[in-house]
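Could you build the full structure based on these sequences and the hints that come with them?
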Amino acid sequence: MASNVNLTVKLGNLIFKNPVLTASGTFGYGVEYKKYMDLDKLGGFIVKGLSIVEKQGNKPPRIVETPSGMLNAIGLQNVGVDRFINEKLPKLKDVNSHIIANIYGTSVDEFVGIVEKLENEGLVSAYEVNVSCPNVAQGGALFGKNPDNVFELTSAVKNITDKPVIVKLTPNVDDISIIALAAQDAKADAVSLINTITGMVIDTKTKKPVLANKTGGLSGPAIYPVGVRMVYEVYEKVKIPIIGVGGIYNSGVALQYIMVGASLIEVGTANFIKPDITVEIIEGIRRYLDEENINSIGDIVGIAHI
Amino acid sequence: MELKIVENREIAKNTFSLKIENPALFDIKPGQFFMVRINGFNYPLLRRPFSVANFTGNYIEIIYRVVGEGTKILTDKKVGEFIDLLGPLGNGFDEIAENKKIMLVGGGIGAAPLIYLSSVLKNRHKTPYEAFFGFNSKDEIYVDFGSIATMDGSSGFDGNVVDMIEDRLNEDTFIFACGPTIMMKRLAYVCYDKGCGMKVSLESRMACGIGVCLGCVVESQNGFKKVCEDGPVFDFREIVWQAM
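So the sequence lines, in the order shown, correspond to chains A and U. Quick note, the first sequence lines up with residues 142 to 447 if you use this note's numbering. Quick note, the second sequence lines up with residues -14 to 229 if you use this note's numbering.
What the hints contain is simulated information worked out from the structure, not anything from laboratory work. All the given hints hold, so there is nothing to weed out.
Across the chosen pairs, the derived CB separations fall in these ranges:
1) U/Pro8 with A/Val194: 42 to 48 Å
2) U/Phe11 with A/Gly280: 49 to 55 Å
3) U/Asp12 with A/Pro231: 28 to 34 Å
4) A/Glu228 with U/Ser122: 48 to 54 Å
5) A/Ile156 with U/Asn(-1): 53 to 59 Å
6) U/Gly138 with A/Glu421: 51 to 57 Å
7) U/Pro165 with A/His446: 53 to 59 Å
8) U/Thr60 with A/Ser437: 44 to 50 Å
9) A/Asp326 with U/Ile167: 52 to 58 Å
Partial chain U-side listing against chain A, Cβ under 8 Å, derived:
10) Phe26
11) Tyr28
12) Pro29
13) Leu31
14) Cys193
15) Gly196
16) Val197
17) Cys198
C-beta atoms are modelled at their ideal positions from N, C-alpha and C, and glycine is treated no differently.
Here's what the structure looks like:
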């Protein structure tokens, strides 16, 4: 019997057919996953972070596995915004799902430059601003660690687009809700959290860090309780929608994020292990709502708060 | 794709043969690999890349060495159990230079894909070739053809396989190689000296195997290349060996 539950989510002027997105950096440009799944089943997908010019990324080794997780320092290798528009987007013409461009820069001008290039691309539904990158004007301190920088960057991007702007927050801060509030004050349409948690692994044979970059970002199931806690905290403080991300590998964890306040969720590292895992998660959420006699996914957003 | 295990047994010291039923859905080129899921979520989390050591009408054979906790868990899989494979992936050893003197050179577990290559050369290309394999010691040998070198001298040539073959290489030689990075690096330098051609299969840490995580890159003459998608087989001249 067909299910009657309503999985649709509204964000800004966009309607998502379900709350499941894929996280930037784990889904290529979408094109790569076409042979493993039907992209149309997704609420949307967030492409690999785009910079104003092509980026080579860090030297290898770039990844190392950890218990129920992995540490990566890819260094945002990407084809750059121009090649994305000319080579990748045409291959996504027939996709009936929201394509969200994750954008990355080292100055406010670079972010603005990327958005200006993408603005007329109708296939791009929204932007996700990666603030976990060094701000050259501030001596390389991450944008995302300073509420003033996040406010300035978000405002600059909001000023030049009518598409929804999502600000992706780093968990590597004292109080993530202060950063989320800065994004809200700058009229961000949503915040997504969490990005990866900074970590390090040592090779005891070489007595040196495994990763060429020394540190890397921890992702995977190991980090989900941190993400759930941070979404919980941010939901108490902000009014804009929250997108939950970090360690989601099944519908149960996705539902935890939703119950602490996420309107949408992103699946990341799990895409590497099972390329069609998102389809299972969507079905799992639908089944849960059916079994619990809940009509709409919106009914359980934030339900864990008393 | 969940496929049934038909054999999983130790064939040499810490070295296992895993045979999986052939679902008759695809062909496999020598040098291609599968991403094998050891367990469900969450430990170990990532799939492991394994090249194909044999492919017959009945089964796909993977030969693996127990190097860590993931491969240790894999040894516990029983005949009749199902295992989740993604693949076949990567480019494989193709463009067989039939007018050259072909040599297969493998080290340790890197000999595995060359076993399958040898059977394709013999049965499909009807091309003559010589094979040379290096192991640490006699008890690690799992091939039943070719010339053997052992580091401890317990079988065949006493020393490493590159030393064994160095004097035989010239402009008319074309090598297909797979082995530890340090050995491939040494072999690459020898190939430059001797003017021979070589296709080399590289190993790398991988998370996805399908070209999206960008974790497995190596430095090439044209920037970073993905071992999973641009390789795992490369012309040795493409690789910046100093960086390896």
